[in-house]
Amino acid sequence: MRFTIYQESRIGRRKTNQDRIAYCYSRDALLMLIADGMGGHLHGEVAAHLSVQFITQAFQREAQPALLDPALFLSRTLSRAHSAILDYAFDKNLPEAPRTTIVACVVQENCATWAHAGDSRLYLLRQGRVAAQTRDHSRVQLMMDQGLLDAEGAARHPGRNRIYSCLGGSHLPQIEFSRRTPLQDGDLIALCTDGLWGPLGNEGVVLGLLGGNVMSAVPKMMSRAETIAGDGCDNLSMIAMAWHEDAGQPTPAAVSTQTMALDDFNTRMDTFQRGRGSASGAPNIDLSDDEIERTIAEINSTIQKFNRN
Amino acid sequence: MPPQANCALPHGFQLDQYRIERQLSLGGFSIVYLAFDQDGIPVAIKEYLPNSLALRKDGEVEPRVPDENMPAFRYGMKCFFEEGRSLAKLMHPNVVRVLNFFRANNTVYMVMQFERGRTLHDYIQKHKGEVKERFIRAIFTRMLNGLREVHAHKLLHLDIKPSNIYLRNDGTPVLLDFGAARQTLALDQPMLKPMYTPGFASPEQFANREALGPWSDIYSVGASMYACIVGTAPPRSDERVKQDTLQPITRQHASRYSPQLLELVDWCLRLDPLARPQSVYTLQKALMQKEAGEAMPASWFTDLGSRLKSFIGKR
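Going down the list, the protein sequences come from chains A and B.
Quick note: the first sequence, position 169, residue 166 per the working numbering, numbers continuous.
Quick note: the second sequence, position 54, residue 164 per the working numbering, numbers continuous.
The reader is advised that the hints may include incorrect statements.
Now the stretches of chain B that chain A is said to cover, found in silico as 3 or more residues with beta-carbon under 8 angstroms [what the hints assert, rightly or not]: (1) 180 to 187; (2) 192 to 204; (3) 208 to 218.
The hints are simulated quantities; they were obtained by calculation from the structure and are not laboratory data.
From a predicted model like this one, the values you see are computed outputs, not experimental measurements.
Ideal placement from N, C-alpha and C gives every residue a C-beta, glycine not left out.
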């Protein structure tokens, strides 16, 4: 697999960042996901964090190096993440379970499969046009479908933040799945929260990603969204991935997974402290004790293998 | 403030299944020890211990890593693993062999085959101005067999220099220290900036890392051959880019070396990556012929002798 990927999350004008984003890839599979913890509810960021962590860990367990069935994986882990949030609420005696939106996408064997609940979105852009996008599980989207509201009205509707499906909370999530979608060289997949698509609108997101250089386009787009949203700016997050054909032109920032070990993973999960500013500048690398042990075991098994020959 | 130097583990210390004999070298990222395994076989053990992030005081075993350095320390550990991963796959008589990898004392260790001999750097110091052409051609042709293997695994060494080329007592070279390999990873990590030895690193290692390739290692090979002939490293390539003070050695050392060898060194040291030999194979071919028609012994090229030996040795 060859792709260029960029992710960023900003706090906006809020006191905390309740968005959680992560991507993770093995040699043959890539997972991207965004969760937007629901602010009006207790512990929204906990729900977002739990989901992202849970799904990433499941991916690392199962993508060895590819998932047996990406759609099945998404359906199973998203519902289990929901249960994990309920368990957490039960353990901590919370009066109600925290909630989060979710959008998750798996790419493997040159095809993308995604699933979502809530109003965090996924766009698939092909040659500068939207080839596919998720439909928000929101009141205003339902009203638009029934012809009661147009896009402009939806953007200003007071209930535009109300969603009817999410992980956590008291109802079972209604998770919507995509088809298995073959990718072409140059395709862009972008996942984002309403903090980004809200101020920019569909056109803004599509325009912002034109040109295909995700490394420079995403930060620019986020700054634009912050400016437009002004003082009321919500947390905003985006993961954008440009897909490259294996045999295509070399691209400087692209990741090639061809030489990765079979049980090797690269994970990037951004988490945030309360308040602004992450300051340290050090990349967030979670090299857990388990990973250290696993890496050492892997190197030793390689040594054994090559010494025997 | 310069970071304090780390203290080495003491003589006789039992480290996992190995007993420490003495410290062999101390670098910015690691300490290398001579140790013996349970069967009394000598090994070289490299301990991950970046000076700027972790400190082991005299008499202590576990280095202290301040909390604020922990992410960077773990990140550097990842790079150390990369080195192990790269080396584990390589089995070649001219590349150092990794034997084991383990974790202890809150850090990690790489066990390598211990080779008796000395570094090319020491050799140059001892024979300053008297390194023979035949020696240069023989050592580098064989060392390049190892480098070819490295490149064949889609790896770059990126820190080739005389002190990383080891000469066994039987005269065959071994390529050491893959610490810089793949350190492209560490670029955005200020405390773990890759450390290059000035003079041996190619200009693209300083400025234009997208241009890195086999030709970058070839620049370092050229600089190492230059050091054999002149006795010192060539001027730093990042300075050369601004103002090139390198005198082509074709003119200076014509009395002792053949023009073909001197031209070859100048060719490797070209600032433009595309102007250098593009593959190790090209360089090897050129090293093996003095003048058109005069070829060096074929055994240097294939190193059949030592391959056979390592084959027999395992039976």
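Earlier hints that do not hold, by number: none
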